[in-house]
Amino acid sequence: MTRIDFYHLQKNTLEDVLPKLLEKAYGTHQKIKIKVGNEERVEFLNMHLWTYQDESFLPHGSKKDGATALQPIFLSETDDNPNNATLLFLVDGAMDEPDKLSLFERVFNIFDGTNPESLDAARTFWKLLKSAGFELHYWQQDNQGSWHEK
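When we follow this note's numbering, the leftmost residue of the sequence shown carries the number 879, and every step to the right adds one.
Possibly wrong hints are sitting among the right ones.
Below 27 Å or equal to it, Euclidean Cα-Cα: the simulated BS3-like pairs (lysine-lysine) are [claimed, not checked]:
| no. | residue 1 | residue 2 |
| --- | --- | --- |
| 1 | 978 | 1028 |
| 2 | 1028 | 1008 |
| 3 | 898 | 941 |
| 4 | 898 | 909 |
| 5 | 942 | 909 |
| 6 | 909 | 978 |
| 7 | 1028 | 898 |
| 8 | 1005 | 978 |
| 9 | 1028 | 1005 |
| 10 | 978 | 902 |
| 11 | 909 | 941 |
| 12 | 909 | 1008 |
| 13 | 978 | 941 |
| 14 | 1028 | 889 |
| 15 | 942 | 978 |
| 16 | 942 | 898 |
| 17 | 978 | 1008 |
| 18 | 942 | 1005 |
| 19 | 889 | 978 |
| 20 | 889 | 902 |
| 21 | 902 | 1028 |
The calculated label-pair distances, taken between Cβ atoms and stated as ranges, are [claimed, not checked]:
| no. | residue 1 | residue 2 | range |
| --- | --- | --- | --- |
| 22 | 934 | 997 | 24 to 32 Å |
| 23 | 926 | 993 | 13 to 21 Å |
| 24 | 962 | 1013 | 18 to 26 Å |
| 25 | 998 | 1025 | 16 to 24 Å |
| 26 | 888 | 926 | 19 to 27 Å |
| 27 | 944 | 1025 | 33 to 41 Å |
| 28 | 931 | 1013 | 30 to 38 Å |
| 29 | 1002 | 931 | 33 to 41 Å |
| 30 | 978 | 894 | 24 to 32 Å |
For the record, the hints were derived by calculation from the structure and aren't laboratory data. Idealized CB from N, CA, C, for every residue including glycine.
Using the sequences provided together with the hints, build the complete structure.
Structure, rendered in structure tokens:
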């Protein structure tokens, strides 16, 4: 059964949190897919992951970079999974149907808890996935930005 983790952003932005979570996930030697809300954000995050920290390296790319099947971390706004990823990150409001999520070992849904629309969408998504029988976990940031499971 696919494990789905909800990450409720409160203190940091997606741009701050995503690289750190990706570093941990990449360390498991599994391929990763990042589904982003739209193509413009795909390219923004693609560039951000190259420049977020001088001493870090996360090999990744989007369809514009080519060799999609070889990308350890693949960014896209679509449901495609050309690199056969086993880990899926959903960001910027991107979602998938439960049957598509079950193709992954683990799903990370990162949402902006300071935005009421994003928070409502995450709650609705949680209810849908709970009724579908997924193993769900909820993580929230404390005042220092550390993650705690609730």
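Hint-by-hint comparison with the structure:
{"no.": "1", "hint": "978 / 1028", "result": "holds, 26 Å"}
{"no.": "2", "hint": "1028 / 1008", "result": "holds, 15 Å"}
{"no.": "3", "hint": "898 / 941", "result": "holds, 23 Å"}
{"no.": "4", "hint": "898 / 909", "result": "holds, 16 Å"}
{"no.": "5", "hint": "942 / 909", "result": "holds, 18 Å"}
{"no.": "6", "hint": "909 / 978", "result": "holds, 16 Å"}
{"no.": "7", "hint": "1028 / 898", "result": "holds, 20 Å"}
{"no.": "8", "hint": "1005 / 978", "result": "holds, 17 Å"}
{"no.": "9", "hint": "1028 / 1005", "result": "holds, 16 Å"}
{"no.": "10", "hint": "978 / 902", "result": "holds, 23 Å"}
{"no.": "11", "hint": "909 / 941", "result": "holds, 16 Å"}
{"no.": "12", "hint": "909 / 1008", "result": "holds, 25 Å"}
{"no.": "13", "hint": "978 / 941", "result": "holds, 20 Å"}
{"no.": "14", "hint": "1028 / 889", "result": "holds, 16 Å"}
{"no.": "15", "hint": "942 / 978", "result": "holds, 24 Å"}
{"no.": "16", "hint": "942 / 898", "result": "holds, 24 Å"}
{"no.": "17", "hint": "978 / 1008", "result": "holds, 15 Å"}
{"no.": "18", "hint": "942 / 1005", "result": "violated, 35 Å"}
{"no.": "19", "hint": "889 / 978", "result": "violated, 30 Å"}
{"no.": "20", "hint": "889 / 902", "result": "holds, 20 Å"}
{"no.": "21", "hint": "902 / 1028", "result": "holds, 20 Å"}
{"no.": "22", "hint": "934 / 997: 24 to 32 Å", "result": "holds, 30 Å"}
{"no.": "23", "hint": "926 / 993: 13 to 21 Å", "result": "holds, 19 Å"}
{"no.": "24", "hint": "962 / 1013: 18 to 26 Å", "result": "holds, 22 Å"}
{"no.": "25", "hint": "998 / 1025: 16 to 24 Å", "result": "holds, 22 Å"}
{"no.": "26", "hint": "888 / 926: 19 to 27 Å", "result": "holds, 20 Å"}
{"no.": "27", "hint": "944 / 1025: 33 to 41 Å", "result": "holds, 35 Å"}
{"no.": "28", "hint": "931 / 1013: 30 to 38 Å", "result": "holds, 32 Å"}
{"no.": "29", "hint": "1002 / 931: 33 to 41 Å", "result": "holds, 34 Å"}
{"no.": "30", "hint": "978 / 894: 24 to 32 Å", "result": "holds, 28 Å"}
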